[in-house]
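Residue numbering for the first sequence follows full-length UniProt numbering, beginning at 1 and increasing consecutively.
Check the hints yourself; a few may be wrong.
To be verified - Calculated lysine to aspartate or glutamate pairs in the DMTMM-like style (CA-CA distance at most 20 Å, straight line):
no. : residue 1 : residue 2
1   : K234      : D264
2   : K251      : D20
3   : K218      : E249
4   : K251      : E48
No wet-lab data here; the hints were simulated from the structure.
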Amino acid sequence: MRLATWNINSIRTRVSRAVDFAVREDIDVLAFQETKCKPEQFPYEPFEEAGYQVEVHGLNQWNGVAIASRLPMTDVRTSFAGQPGFAKGHEGPDAPLEARALGVIVDGVRVWSLYVPNGRSLNDEHYHYKLHWLEALRTATAAELAADPNLPLALVGDFNIIPFDHDNGDPAIVQGFSTHVSPPEREAFFALESAGVTDVVRPLIPEGYTYWDYQRLKFPRNEGIRIDFVLGSKPFADAVTGASIHRDERKGEQPSDHVPVVVDLDFGGGDDDGDLPMIFS
DNA sequence: ATGTCACTAAGCTAGTGA
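Use the sequences and the hints to build the structure in full.
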């Protein structure tokens, strides 16, 4: 299986880019964030013509997550257990949920497409919302893996956290002043390891950015940041055979400000490409 | 020039979010 995650920053603006990438790169499962539309506005047809079915979760023009897959998707969920909601001046499990999580089972793998809240600034209520959201994600992930320790599970998406200093090439993002690099955010990110998931791309690609701001020539100057990740449970991580960050997708006409992150997986069985099984004798 | 972009509601610009 070839699995990708991509903050597309409006699927309606970039549907051709998205489908072309999926086909060209032979992606089986492609998780999107920031689709920025309701299901009735989602451009299903180009995906279906290319052989992908799509699960969509979107409530309005903000956020929005989706998963396109060549393989059947089951057990679709539009939030994780205990996911906090948010409304102005009102945060927590009783507040309305935003469209930031979509989970499916595909080929025996639980895939969560996640768009972690942007903290905006260190003293903003969205910053506390972000930390609570991450803690709830940790709890929900630990519970899901406790219920099925052998489950190949992946948390993929835009985490809006820069885990290490060398993941930050943007001089405007400064420790002590900016979100994405604050110790509480980094602790929340690494705390996901205690739930049983690890970054499966990092060991294969130690350096590299996944996002460059549209403003101030950040891409030509390569002042990017690494905030898009694939975190996998042990059964998932053990199946990883390769990874790639598709920097070229930041180039050309109307790019997203994020690029896709791809992981190759081999769960054994010898039949991961739809062809007849290999016979060894 | 913060060297930008996408969304909506209401109009051809302002407000919001990133």
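Status of each hint after checking the structure:
no.: 1; hint: K234 / D264; result: holds, 15 Å
no.: 2; hint: K251 / D20; result: holds, 14 Å
no.: 3; hint: K218 / E249; result: holds, 15 Å
no.: 4; hint: K251 / E48; result: violated, 26 Å
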